[in-house]
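Position chain H with the ligand relative to chain Y; hints supplied.
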Amino acid sequence: MSARTLYDKLWDEHVVSQRDDGSALIYIDRHIVHEVTSPQAFEGLRLAGRKPWRVDSVLATPDHNVPTTSNERRSGVEGIEDPISKIQVKTLDENCDELGIVEFKINDQRQGIVHVVGPETGACLPGMTIVCGDSHTSTNGALGALSFGIGTSEVEHVLATQCIVAKKMKNMLVQVDGELAEGVTPKDVVLAIIGEIGTAGGTGFAIEFGGSVFRAMSMEGRLTVCNMAIEAGARAGMVAVDQITLDYVKDKPFAPKGEQWQQAVDHWRQFTSDEDAHFDRVVTLNAADIEPQVSWGTSPEMVLPITGNVPDPTREADPVKKQGIERALFYMGLSAGQAIQDIALDRVFIGSCTNSRIEDIRAAAAVIKGRKKSESVKEAIVVPGSGAVKAQAESEGLDKVFTEAGFEWREPGCSMCLAMNADKLGEGEHCASTSNRNFEGRQGYGGRTHLVSPAMAAAAAIAGKFVDVRKF
Amino acid sequence: MRKFTQLTGLVAPMDRANVDTDLIIPKQFLKSIKRTGFGANLFDELRYLDKGEPGMDNSNRPLNPEFALNRPRYQGASVLLARENFGCGSSREHAPWALEEYGFRSIIAPSFADIFFNNCFKNGVLPIVLSEQVVSRLFDEMYSEEGYQLTIDLQQQQVKTPYGDTFEFEVDAFRKHCLLNGFDDISLTLQDEDKIKAYEEKRKQTSPWLFNAIS
Ligand code: SF4
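Order-wise, the sequence lines are chains Y and H. Just so you know, we're using my numbering here: the first sequence kicks off at 1 and counts up by one. Just so you know, we're using my numbering here: the second sequence kicks off at 1001 and counts up by one.
Just chain Y, with the same shape it has in the complex (with noise of 0.2 Å):
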C-alpha cells in the first residue's frame, strides 16, 4: 500500500461502503450529544418509530446552556432561571432517561463542556470516529482520532444508522518546528497559524499538526491546537499518537484495560503519518517567532503578537481587506496605528472548550498569585470545563488564589464563551477572553472580545490591559 497520512489512515479504517458519486458510508465510534443541538434529533427518531443503532456510543452531558454560579446551580435543573434553557436542559435528561443513553447530569461532578468531558473520561480515545453536534468537536483530534462536528439533521443520522455519509477532505501539514520562547503557550501557536493561514485557509482540508512543538507539547495543550483548527476553516485538526498520548489516555476511566490496553496500543502505534506520504498544502511556522498573541478584531485571523500594534486601514492597498479592518476598528472601538498594550480591559473571561483543563487554570493562577485584580476590571470569572477539572483546581488550592485575587470561581459550563446563560459582555465591553470566537456580538450584544492564553488573560486581568506575561 502507498504511503499514507494519519487522517487517510483513520478515513481508510472506517469507511463501511463507499458509493459512486464519491461519498462513503463512515462508520462512527463515539457520538457526544449536548442539549441544544439534539432535541429535534430525538424527535425525530421518535417521529420515525427508530431507536438509536448503538446506544452504548452515545455520552451526553449538558453544557451550552447549564448556569455558572453555585447559587443557581444549586438546585440542578429546577434552579434554572431561563425557562428556555430549563426545557432544553430537561428534554436532554428526559431523551437520555428514557432512551438509556448515559448522560452526566447537571450537577454529575463529570459534567462539563462536551470537548473537555470526552477526552479525559476516556470516552474518546485515538483511533476513533467521533462526532457531535457542535463545530469545536475538532478538539479530539489531538488523540490522533478523527473527530468533527455536525447539524441537526446528521446527529439524527448517526444515531439512528451509527454512520454518516462524507466525502473525503483534503489532507493538510501545519508543520511547527523549533522551540517556544517562555511564556509561549499552545493557544499562542494555534492563533499564529490561523494568522498565517486565515480563517479560510483549512476549508476542505482535514489539518495535521506536525513538527517538533506538537511533539513537545502536553496533550491538553494539543486538544487547545485541535480546537481551534475549525478556526483555521478546517473541520477536523489532529495530532499523531506517541508516547504522550499513551500516557494520557492510560487509565483514564473508559480507557481499555489489562490485555486490552495493550492490544489497543499495538493499534493505536499506527496512527501516525508514513514519512512519505503526500499531503495536499503544507504550512510551515518557525516556533521561534511565536509571540503571545492576541486577536485585535472580530475573526480569529485578525491577531497579532502582545508587541503589535493595530493595522492601519489607510495602509492597505486592497480595498476589501481595507473595508474588513475599518468596520472591525469601528466595531472594537479601537483606533488605527494603537499599541495592543494599551487596549484597557473590562472584563476578563478564563474558560471554554479551548482552555478550561487543569494546565490551563494552573498558568492563569500562576500568573495570578499574591497579586490583586485591577480596580478597573469589573469582574473577571474562572470557568472551570468539568466538575473533574474544577475538583482537581480546588485539591491544589487553586480556587483559592482566584478568588483572593477577586476573580469568581464558577461551575462548569460554555458560560461566557457563547453567553448563552447570563454571563455576558455589556455593550462596548472589552473582554480578555481565553475562548475562540471574537466574531460580532458571540459574548454579548456589543461585546469586544480579545482572544488571548490563560496566562495572557489572568496577566490581563491584574494590569487592567494587556501586557507581556513575558515580562511580567
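Hints listed in this document are in silico derivations from the structure and should not be mistaken for laboratory results. All figures in this text were calculated on a predicted structure; none of them were measured in a lab. Treat the hints loosely; a few may be bogus.
[What the hints assert, rightly or not] Derived pair list, reagent style BS3-like, types lysine-lysine, alpha-carbon separation capped at 27 Å:
1. Y:250 - H:1027
2. Y:170 - H:1195
3. Y:168 - H:1031
4. H:1003 - H:1202
5. Y:168 - H:1003
6. H:1204 - Y:168
7. H:1197 - Y:257
8. Y:90 - H:1204
9. Y:167 - H:1202
10. Y:424 - H:1031
11. Y:252 - H:1204
12. Y:51 - H:1122
13. Y:51 - H:1003
14. Y:168 - H:1202
15. Y:257 - H:1204
16. H:1204 - Y:51
[Claimed, not checked] Examples of chain Y residues toward chain H, derived with CB under 7 Å:
17. 12
18. 16
19. 21
20. 25
21. 27
22. 29
23. 40
24. 49
25. 52
26. 109
27. 123
28. 160
29. 163
30. 166
31. 256
[Claimed, not checked] Just a few of them, taken from the derived set where beta-carbon distance is under 8 Å, the chain H residues facing chain Y:
32. 1035
33. 1186
34. 1213
Beta carbons are placed, not taken as given, at the ideal position from N, Cα and C, and that holds for glycine.
Relative to chain Y, chain H with the ligand alone:
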C-alpha cells in the same frame, strides 16, 4: 418520511409572490425544541389578528377572516397553489415542517427558492414547478369553483385538472425515487444495514475495546 405517490386533493391559494420562510413560520417559533407543533403557526401573521408567541393556546386566538386558509371552502386542503419565488429567505427546515403538519402534501408555483425546495423533499412534501401561465389558469379555475381539486401523479409526473387537462412537470430522478418510496436519508443509509452490521462484527474482533459499555 411519508411516501408520496398519487394525491387527489382540495386546492387552496397563497396568492402572492416572494412568500418568505419568516412568513411561513415566524422566527419566534424557532426556539422550540420540537420538530412538530408548527402547523398551528403556519402563516401566523396572516392567519391571526394578534401577535403570535410560542406557548399560546392557538385555538383561542382571533382569526383573520380575510385570510384564504381561514375560509370554510378551503378547509382540508392538501395542495397549495402559490406564486413565484415561494419559500425565499432563511434555510429553516421549520417551514416545510409547518406546511406538512398543517396538511399540505404538495405546493404548486411558477418558481421556488432553492433551499426551501430541497427541504420540502426531505420532509415528504412535493414542490411542483409549472409555468406562470398554467399557474394563473389554475388560480382562475380554483377561484371560480368551490371544492376545486387537483390530481397529482408523481410516477407519471403529471398534474390533472377536473376538466381533463394534464400538465407535465419535472422532477429529479433520485428525489422522485426517494419520495415514491418514502425514503429519507436515514432510510437510504439503512439500505446498507447489512454492510454496517458486517463492519461492526469485524471491528468487534479487531478492536473490541470500542464496544465497551460506558457508565
Ligand atoms: S465552550 Fe464555547 S466553543 Fe466550546 S462548545 Fe461551548 S459554546 Fe462551543
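(request) Answer holds if the nearest beta-carbon of chain H is closer than 7 Å to that of residue 52 of chain Y; otherwise answer violated. (result) 12 Å, violated
(request) Could you grab the alpha-carbon distance between residue 168 of chain Y and residue 1031 of chain H and see if it respects the 27 Å cut-off? (result) 34 Å, violated
(message) Would the hint on residue 123 of chain Y be counted as holding, given a Cβ-Cβ threshold of 7 Å to chain H?
(response) Given a least distance of 6 Å, the restraint on residue 123 of chain Y holds.
(message) Hint validation: residue 40 of chain Y versus chain H, beta carbon distance must be below 7 Å. Holds or violated?
(response) 5 Å, holds
(request) With a cut-off of 27 Å on the C-alpha distance, tell me whether residue 1204 of chain H and residue 51 of chain Y pass. (result) 21 Å, holds
(request) Quickly compare the C-alpha distance for residue 1003 of chain H and residue 1202 of chain H to 27 Å and report which way the hint goes. (result) Measuring from Cα to Cα gives roughly 35 Å; hence the hint is violated.
(message) residue 1035 of chain H was flagged as interface toward chain Y. Is the shortest Cβ-Cβ separation under 8 Å?
(response) Cβ of residue 1035 of chain H sits 5 Å from chain Y, so the hint holds.
(request) Using 8 Å as the Cβ threshold, decide whether residue 1186 of chain H counts as touching chain Y. (result) For residue 1186 of chain H, the interface hint holds, since the closest Cβ of chain Y sits about 5 Å away, which is under 8 Å.
(message) Run the distance test for residue 250 of chain Y versus residue 1027 of chain H: straight-line Cα separation, threshold 27 Å.
(response) Violated - the C-alpha atoms of residue 1027 of chain H and residue 250 of chain Y are around 48 Å apart, more than 27 Å.
(request) Could you check if residue 1213 of chain H really has its C-beta closer than 8 Å to a C-beta on chain Y? (result) Hint on residue 1213 of chain H: holds, closest Cβ of chain Y at ~5 Å, below 8 Å.
(request) Could you grab the alpha-carbon distance between residue 168 of chain Y and residue 1003 of chain H and see if it respects the 27 Å cut-off? (result) 32 Å, violated
(request) For the pair supplied as a hint, residue 257 of chain Y and residue 1204 of chain H, confirm whether the alpha-carbon distance does not exceed 27 Å. (result) 16 Å, holds
Violation of the numbered hints given earlier is confined to hints 1, 3, 4, 5, 8, 17, 19, 24, 25, 26, 30; the remaining hints are satisfied by the structure.
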